[in-house]
Amino acid sequence: MSHTRQTPLDSPMICAELLESLQVRESSPLPKVRQLYLNLYGAIESGRLPFETRLPSSREMAQQLGLGRNTVIAVYEQLTAEGMLKTDGRRGTRVARKISPLSVDVDTRWPQSRRAAGNRIVPATGRAFAPGEPDTRLFPHALWRKAQSRVVDSVGDRLGYRQGGLPETREAIARYLANYRSLSVDAEQIVITSGTRQSLALAAHLFADPGDSAWVECPGYLGAVDAFRQSGLSVRPCSVDTGGLLPPPVDGQVPRLIYLTPCFHYPTGVPLATERRAALLTLSRETGCVVFEDDYDSEFRDDSQPRPALAAEAAGARVLHAGTFSKLLFPAVRVGWLVMPQHRVEQAERCLRVIGGGCNTIAQGVVTELLDNGSIGRHLRQARQVYGQRRQALVNALHGCHLFEPVEQVSGSLSLVLQLKKSVSLKALLAAFSSAGIGAQPLEFLDWRIANPSRCKAIVIGLGNVDTLAIPATAERLVEALESVSKPAC
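Residue numbers (the numbering used here): 49 to 538.
Simulated from the structure, these hints should not be mistaken for lab results.
Be aware that a few hints might be false.
Restraint-style ranges between C-beta atoms, simulated for each label pair [as the list claims (entries may be wrong)]:
#1 E216 x G485: 27 to 33 Å
#2 S532 x I410: 45 to 51 Å
#3 R198 x A521: 37 to 43 Å
#4 V443 x G485: 44 to 50 Å
#5 G485 x D257: 15 to 21 Å
#6 R398 x R96: 47 to 53 Å
#7 E216 x V443: 29 to 35 Å
#8 N408 x R73: 33 to 39 Å
Glycine included, every Cβ here is placed at the ideal spot set by N, Cα and C.
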């Protein structure tokens, strides 16, 4: 008995259904040659066009897809050059890519580092009373647009890659710090960053090694915890009371970095007590540890003049002063600063390049003009007034509410902490807040000592995204949501 052997010429060509999937669309913004390339590439990579499948000739493919023959030839040639197709005389154009099918037992989950798994960043919700969100409508956008237009016309060669901030921006920030924070520094000491998180990463990169210890306020800014942990530091929580950060005993391991918000602790709003300021500066002088001063919300204090920056009293202590225009203007501006000892500035600029420190020269130029022409100063005075009115409106709306302890701190800052008289289920509270469109956060989210908190005893209210006139009705929704989870089970 004779057997007929199948020759390569007998290999099946692509079916009509698959040809249909290769069709290009007139409505697509991509050129037809690009569409056909991507369609064929995807069919080969997905295995829908298996190894050794014979494709129609360029003339036949062009006719069936309604394309010019030169378009098909160009795609065939590119895929052949990339090793996806092969052409061999009478054998025609065939698929050269052999795809190995995935085993059903293959674990396709992506790996995750321990550092990433430990991140505790609380996502912004955009809902009413969400903390950490300034009112981006307050700053006059027309002023920004006009300044940006002028800057774009004048920056010239500064649109390319740069190392370091604009000299005029450093000088403007130095004047700003002298006026508002009683901090006299040379412009050359100022390193421009994209914000506090990048400043924290830079500080850890410069002044600490993996395994070193860092102190961070707790409750406090989770961005500092994550930045230090990402750098391999061992982060130690420091409790906060009415005097601010409570330094723990130095029991064997001296911290290399200490993060704190001394002017206005986030989120409670308490300033660092005088004796603790002195104790931390002494610790820095005696041990060489570096204090990272985050000047959070100091510009919004409206009941009294804020104390001078901690760095202004350093006198031999190692204090980094960090700030940003994110809250004062709007978060998207992405211009922050870190005041460094002058002999470390060049090294800091090199480190910024290593960790990805791009300088937005256009945003820097706009901020410089707005600082120099007084626009930011005028906006700051208005913003203080607006946020002060909102804070007072909230206190008035909640006055006498049976759910809360009396509000003691009512000045400054974009946030307010409300202590509950009785703890409630955190899970139930979040569900109630979500249903009511409330973005207030449990204070326990910022207590990073607790991995999975189950109860809530205090909430953090943001004042940035609710107008003053809307606060009474929004506060009523807040109270109703709390009452729904505070009632005893029947």
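Report task. Of all the hints given earlier, name the ones this structure violates by number, lowest first. Result -> 1, 4, 5, 7
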